[in-house]
Amino acid sequence: MTEHLTFHESFDSTRCTADDSAQHPNLTQGQIEAVVSLLLGRSLSVNNTYGLDSRTFLELADVVLGTRAEVLAATEDPGAREELSAARPFVLHRFRQPTFLSACIDQFRRTRDRYGTGLFRLSAWSRINEDTTARDELAGLLERIENGAAARDVPGWLVEIDPALGRRFETVMRLDSFFDLPGADREARIPQIPEQGYVEHVLAVADGDGARYRAIAASHGCPAELADAVLSGVRERVAEAGVEGVRRAWVHDFVAATDPDDPALFARQQLQEFQDTLYNAVMADSAYAQFDYMSSTPRTDGRDELKHVNALALGIVRDRLRRDGDAAEDAERVADRMGGLLSAASVLPHVPRNSLATVFRAYWELQADEDRLPVWRASTRQLHQILGAPARSDSRLRTAWAAHLRLLTDMLPDIVDADDIELRLATDDAGGYVQNQRLGPLGPDELDRSISSGEHLAKDFLRDLARPAR
Amino acid sequence: MDTPRALPAPWLGRTPDIDVEALLRQLEAEQDLPDRRDLATVLRYAGGRLADADSKILFERLPEHLLRAQLVLDIAIEWRMPAVERWAVAWLEATGRPYLRTRWSSRSRDGRERRDRRSPAGDVTAVARHGENAVFGTARGAVASWTVDGEIRKLATMPGDVQVLALASDGTRVVAVGEHGALTTADWPGGPSSPERRAHLVAVAVAGGSVCCGAEDGRVYRWRPGAGWAAPMEGHGTGRVVAVTLRAGVAAVVWEDGSVAALDDRMRWIPQAPLDGPVSVAAWDDRGERLAHVLAGQRTIRVDDERVWAHDGVRLLAWSMDGRLASGGRGHRIAIGPPRPGTVPDLLGAEERTDVMVFTGRSSLVTAHRDHLVQWDLALSGSDDPALVDDPVTAVGVHDDDPGGAAVGTADGRLIVHRGDGTTPARDEATAPMGVNRIVAHGRGWLVASNSGAYEWVPGAEPRRLAPGLCNAVAAWRGSVVYAGESDVYFARRGRVTRMNAIVADVRAAPDGTLVVQDVAGNLRILAGDRVTDVSAGADDLIAAVPGGALTLRRDPGEPEIREWPGPRRRLRLAALPRQLVPLSSGEFAGAYERGTAVIGPGPDGSVVVAATLAASQWVAAHGDHLVAADGVRRTGYDLRRPGPGTGDGRVRLTVGADDRGCVVRVGDGDPVRLDPAVLRELYERSGDETLRAQSEAADLAGILGDALWSGGLGPEVDRARGDDPERPVRLDLELTAATPAWLAGADIADLPWELLHRRWAPLPWFAEPPTTVVRVVPHEAPPRPAPAAPSLLVMRDGDRALDPVDAAYEEIRRRTRSTTIRLVRGAPVRYPDDAGADVVHLWAHARPDGVRLDGVLHANDEVADTLAAKGARFVVLVGCSSATLARLLVTRGVDAVVGMRTKVYNRTVVPLVEGLTTAVLRGEPVDRAFAAALRQYVLTGQPGAAAVPVLYLRAGSSGVIFRGEGEK
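Protein chains in written order, with the working numbering: chain V, 1 to 470; chain X, 1001 to 1969.
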């Protein structure tokens, strides 16, 4: 069983749909964040929803599995082949479904005809979202494939609708084969705190004069007026429909129904970012992730509000979890949170740029290297043991982190750039993006320059958040 | 008459809390001598570093003048300014408080770095030349100048505090541009303001009162006095504006797509020849005529149509005023050279990545990384340290064999030995693949823990791998080597010692045989005798094993402390959290801090800072009072010095004995230093050989011995002896125990040329200013003979015709000594023996180690000594080959000071020594300093090996003043 799982909010299927261009930054965001997690020795935790319907994840999986196959084909050493086969870059978590394909079938069959507004809204397959026939046809094909009654070939009619859907079908088939491997597929759990639990917590901390809510916002760098706007949006919805009404589906509908020229649109998008982050925290918990990387939707203009709102949501989640952890009331933010920024590659021009395929080929070659692999693996194990220790030593973590980054620059000098505290990785896909992942706080200047920011909502770190303020 | 001081020492007779500003004024007002100029420069930069320092919590109880003096010392060492170094040490001695005596710094070897400062207004994001100064802009929108005198002066602030992205200056006016189209100026009344708040402005030029800016979206903006901003221009190139310049009213622009165009006064585009493709970086020279650029995705730098050199990951280009080009890229090197094909550029090794850079003069380059500004003096050549560039130190170890030195390991796996003086012999370098985690002394070499395994390394040979795999710790335990291998600790030869629950983080051994192991989860196992104790130390870091237990550092930021296990019991509450802490034999601790390096000890309310320097450190190791600290690629050696009794007495006692394994020298009351018998024997043999080559080799060998003694305690002792007066001469009193060890081929250790001792690569200390002299002292219990007011001189010589020139030389001596109170016993040299008494006796004769040959008869040393001593002489000069033994004998017979010759001496060249020495001694100068001056004259005669011939014996306890001299009756 894979020990260390990271859930990436950037896999959220609503962030980049089939209707978006191939240059959409979210595609690169999800992929580049995933590389960083893999290089840190973690596997990617995927829920069955995103496994089928996240365009970001499907395109990532296409590259990961494709390069894996290439390296496997070029590798003769039996030991190395065994290592490549044993690697689990993704682990599927199924919620109340026996297999990956059965989950896919269920999602395709949740059509508007049957479920009305409760339909499963397809994102990566949006061309057939409202096409009940096509959805049923696909579900039926998958059912037959699962039963061994049909070949895994791409149906011609699907390609006729959209050639991209044919490619996605192929990826789903490859994923299905991959998830059949031991340790690649398991059941999700019922989340400990549901989406509404966090909404209730927002209301609770904002009760009275709202000082505690604003303190949480301030400690996460979210301006007070922005936090107030989110709170007011939540309260308005609660007044209309109760706490149960503040749901991700509602806020997406709310935004979709807003005229693009409506000045209120951006405020509603912020509310959506906030709610999405809460929702993904629930998803991450359900998928057993130890390292939940919650990053903001990449901005496409000069506005930083989404980053601040994402951080605010993280603050609410942390505060809620801390409440369960018997933490001191005056606990404050620690300086060593692990966070990251996605920026235009031109911001850090010294970082080598590569295609995602080149990066993953290098990753798989590392997995097949009998000299480098044991050292890399021991280093990642050390990092995780330090993170998982009952009383974590910051100095040991920093030393091990610096050593691991140095190891990565030694092993993958043309792929990554790093110093003692920060790992940087750039891709030349979609115009060029760079991700820097850091142990420690993100500076306001850097935050300003980035197009997205994220932080690990890691349970291991949360223990430290309970440290009393001094 | 007092000679004027080379450097003022205002604390003498006053408080060490000196008025630095007044001192600076004094230095400026007085004669402009190099040392004074250096001191003024260093004092200013020390003031800058002090202003930058954010160490009040750690060092708040230390007086500011102590920290300032320490900074002056650090800078003097880094910049290799010996006079300022001596001055700073004297100031520190004057404080009467313990201090860290900086001994060496790796930075002194990459010493093109002249100064550095931290920007107080955030990370530096743009930099430009501004006359002789640099101007820089920051991420927080500040625009400031960094002047040649080290000051940072804020000039302007960007509208909305947005980040500065580019800067330009025409020498007086400064223009800064940045995010969202923001622009600000400095020293320009009526200058432009922001053109329009749109895309980021990323390039700017200013000339002749005009401004031209380029934006992220490719637009170009022009401003002219009186006309203001013209409408933004677009439509030629696409993508970001990469470079812009102004020449004769015409703007030249380079865009990201490789387009180049000029924009004339009438705002018309004049297309220029495009570059060969998209451009990643470009820069115009000062005249706006030559364009350096790099095509996107390439590493070759092109100037106009020529390829000049390649630079990995190149992203910075800068032109000097005289047409040289600098490039910066991946890694920490900056390449500088004339931009011509075939140029092999000079490489500058920075300690960190360079984010921005600019030439500020013909030989001055300013770089910045984050908030750290550095100025490089490119005129200093050959001082680049190629050893560690972009390869920080990750471990430091110290060794009994060279306590002032250290071995360092780096992130790339390099292993480098620094000797006690900081030097790094090439043979003492090796590589253990991947990062080094720990270095521990073992036998004649080192044990190394690295990410690729455990190693044993003896310098001069390749490291021998004991085991592969991640290894965090090694130790020498009960005579065995033990190392960490993931969750286990193994003996190098005998299997497993113990297994932990998680990967082993650290292993430490105590002298009593206690072994302590800590894993990364914080579990601590103490193996003491047969007893095994397991405790959970949580987030504490193991510092050391102690008999039966362990010391850990509890890193609670609110209440850091040292704890003792099993227990835990608090050992010491700390005032600040160190990055690393090591125990000292004194019971104190040496700590590496983010803002300094300190020795801390117990105080009434927890820890107190005993001594500290503001030089940050990440790693520290200690042996006795020697400390070695490292931060990034920089390594620095310190001695913990505690001024006390004996400070400033001008004397250093060296006791020299011998055994089968070489000479054993004790400096003062310090630990014995063992000198290599092979080196000593070779020194003896070479110094007895009169060929130039042999004499040169002898001098070099004496340098090796001098370095060994220097790092074995002589350095701190000289500091102590010099005390608070930087110009106080120091006398080394050499007590030689009679010994004829087998390794010296039957010779006595007194036959060795101890007078040649010096620091390698440095001149003989006799001739330094102030001098350090070497005197052989001999105990004699009889009271010294009284010094007469008018001493008498008797010169005796053998009748050998070969000594006839002595008669002529005597005339010189007579003439020179007329200025003294001397009374000549005879009008000319007389034959030995002469029955007259005399206070000063010169004997010119052929001699050998066992006696003196006079008129064909060999007289035993005892007999001659009796004869000469009976004359009641206080001072005797023996001009005869191998007369040193007789010289020593004469002191035992009651003569105060005797000069003899260790080997062959030639009467034709030795006269300046004899006359100069005699004159100075008679004038009342201390005999050692008179000897130093005379020796210099002797050396200046051109006599090969002159400095290794005469030796001065002195009665133990003598002040060295043999006669009172004129005016001191």
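Don't read these hints as lab results, they were simulated from the structure. Note that beta-carbon positions come from the ideal geometry of N, C-alpha and C, so glycine has one too. Be a bit skeptical, because a hint or two may be false.
Unchecked claim - Have a look at the derived ranges for each label pair, beta carbon to beta carbon: (1) R1080/X / S355/V: 25 to 33 Å; (2) E1234/X / Q196/V: 24 to 32 Å; (3) E1234/X / P182/V: 54 to 62 Å; (4) D1346/X / P441/V: 33 to 41 Å; (5) D448/V / E1306/X: 37 to 45 Å.
| query | Is the gap between the beta carbons of R1080/X and S355/V within 25 to 33 Å? | reply | Between R1080/X and S355/V, where Cβ atoms are some 49 Å apart, the hint is violated.
| Assessment of proposed distance window 33 to 41 Å (beta carbons of D1346/X, P441/V) | holds (38 Å)
| Is 37 to 45 Å right for how far apart the beta carbons of D448/V and E1306/X are? | holds (40 Å)
| Supplied distance hint 54 to 62 Å, evaluated on CB atoms of E1234/X and P182/V | Given range 54 to 62 Å: holds, Cβ gap about 60 Å.
| message | 24 to 32 Å was suggested as the range; check whether the CB atoms of E1234/X and Q196/V agree with it. | response | Given a distance of about 52 Å, which is not inside 24 to 32 Å, the answer is violated.
In this structure, the earlier hints numbered 1 and 2 are contradicted, and the remaining ones agree with it.
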